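Chemist: The lines below spell out each chain.
Number of protein chains: 2
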Amino acid sequence: MTDRVLALLDGTLADPAAPLVRAGDLGLMRGDGVFETVLVEDAAPRELTAHLARLVRSAGALGLPAPHPAAWRRCVAAAVAGWGRPDELSLTLVHARGTAPDGSAPTSFAFGMPVSPKRRRLRGTGVAVLSLARGVDPDLVGRAPWLLHGVKSLSYAVNMAATRYAESQGADDAVFTAPDGTVLEGPTSTVVVAHDGVLSTTPPDLGVLPGTTQAALFEAAEAAGWRVAARRLALADLWSADGVFLTSAGHKVTRVRSLDGTPLRDSSALAAELSGLLEARYANRAVHSWNEATT
Amino acid sequence: MTDRVLALLDGTLADPAAPLVRAGDLGLMRGDGVFETVLVEDAAPRELTAHLARLVRSAGALGLPAPHPAAWRRCVAAAVAGWGRPDELSLTLVHARGTAPDGSAPTSFAFGMPVSPKRRRLRGTGVAVLSLARGVDPDLVGRAPWLLHGVKSLSYAVNMAATRYAESQGADDAVFTAPDGTVLEGPTSTVVVAHDGVLSTTPPDLGVLPGTTQAALFEAAEAAGWRVAARRLALADLWSADGVFLTSAGHKVTRVRSLDGTPLRDSSALAAELSGLLEARYANRAVHSWNEATT
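Residue numbers (our numbering), protein chains in the order written: chain A, 1 to 295; chain B, 1 to 295.
No wet-lab data here; the hints were simulated from the structure. All figures in this text were calculated on a predicted structure; none of them were measured in a lab. Note that beta-carbon positions come from the ideal geometry of N, C-alpha and C, so glycine has one too.
Label-pair restraints from in silico Cβ distances:
1) A:G261 x B:P203: 29 to 35 Å
2) A:A280 x B:S116: 52 to 58 Å
3) B:A283 x A:D139: 49 to 55 Å
Calculated from the model, a selection of chain A residues having no Cβ within reach of chain B, i.e. all distances over 10 Å:
4) A53
5) A81
6) H195
7) R227
8) L270
Start from the sequences and build out the full structure, keeping to the hints where you can.
Modeler: This is the structure in structure tokens:
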């Protein structure tokens, strides 16, 4: 498996084809842990500081021991060095509870593989999206921390099932909606809407994951003259938008070309503009990102 | 780790302290898989046929390859033989998607450990329960299969978080409620209410897991003259009940002694009666359960 890489928290590499995790790990038996997926290009991990900050927040929501960003930076550096291939690396950082019954030391590692050809293709073609009910009132999530909304836990079976359901209906991806029609997020992405020079996304306090790629895009776009906003979005806002995009480490800026079977306005030019702004952010930062202070 | 046992699907035992699962397994990285927890007493697994049937249903809901009950029976038999201790064994059957990106062969094993002393203690004392919102309208779940309600997936982080939240508030366990107040299920148990000679539980079509222990209890109770029903339960039904119980392989029949901080009617005698009916079901069945036809 030369197209896989596995690094441990002590900065050593391990064989990605060899077993690593015990059967009794609660990360496996109960999805009890947190993760991040970091995009690595030209040997530089993108938005690592933001990803590690979110990993720490997610771990806190699950009552896990706090991840040490310095150790994680060493682990990521080892994975990137061990990868040594030109293709984009999708690097997943896993921080799980550890061995049953109560967890011992957390199980922590970085596992990388190439960004899938399908994901790369869809960045170019755009995606057909199906809206799917998530069922939970956004006004509840702040009062119900046990629901883990806005937490990137390993318990992603619903996210995977939603994507499979969308694909079974001939779509490429999904967006979750609340009972009142509020647009929440994709199963593995953030929803961004462009309208009249304003980029908008769903506020995190409605129970969505704060997007690292979305935040980077907003920073780059604002510097280029766009206005940016977090506001409650309805499906009607997607229908009337100049462009609708899904963002994530894997999606980058992927335009939504249709929603529930009906084409949206052609946003190819906007997608190219926003992608350009995002990519320019990294053009001269490969060295810089490695010199960031450990946090 | 002589108080752990690990058996593989080919009927061999493996070292439970040794790593078994690859870092890239989607069961670990995305909680993408299903499980069952079987109680083994006196070397006999309880309700194995029902557990395996539910494992098959859960796997179908996730689009996983169908588990083969005959292979699982062989695996369970190996685990039970390898255990060889007098204490109750909590045996978890895991059937996960396998290695990323798309899963290869599923990752399947049975991992066992003793029922926790805390769980055993709470069977005797009863539990203080906190009601916690799950947020999703029960009338949605039948139309939204991607939400995986009623599916025992590995993505149990919310169930674990709900239990931790209840404990942080001084309770022992939780029951989930729907937005309209319907009582759903515990994070790891089924809710059973006794009232005027009738045992009731929430209907599975409201998005709860059909309980194997609850079904066994209802069968035993009905044979002893109780009436049984699946009906929509409100919190008011719990307040007015002769007894409220949580059932699961681990809970057996655990009485709820208080709800949201207020004591419920003392149901110690009822709990003893129902536990007796359930235990009698297994008194002479150790041999029988091994002779059940493979399904």
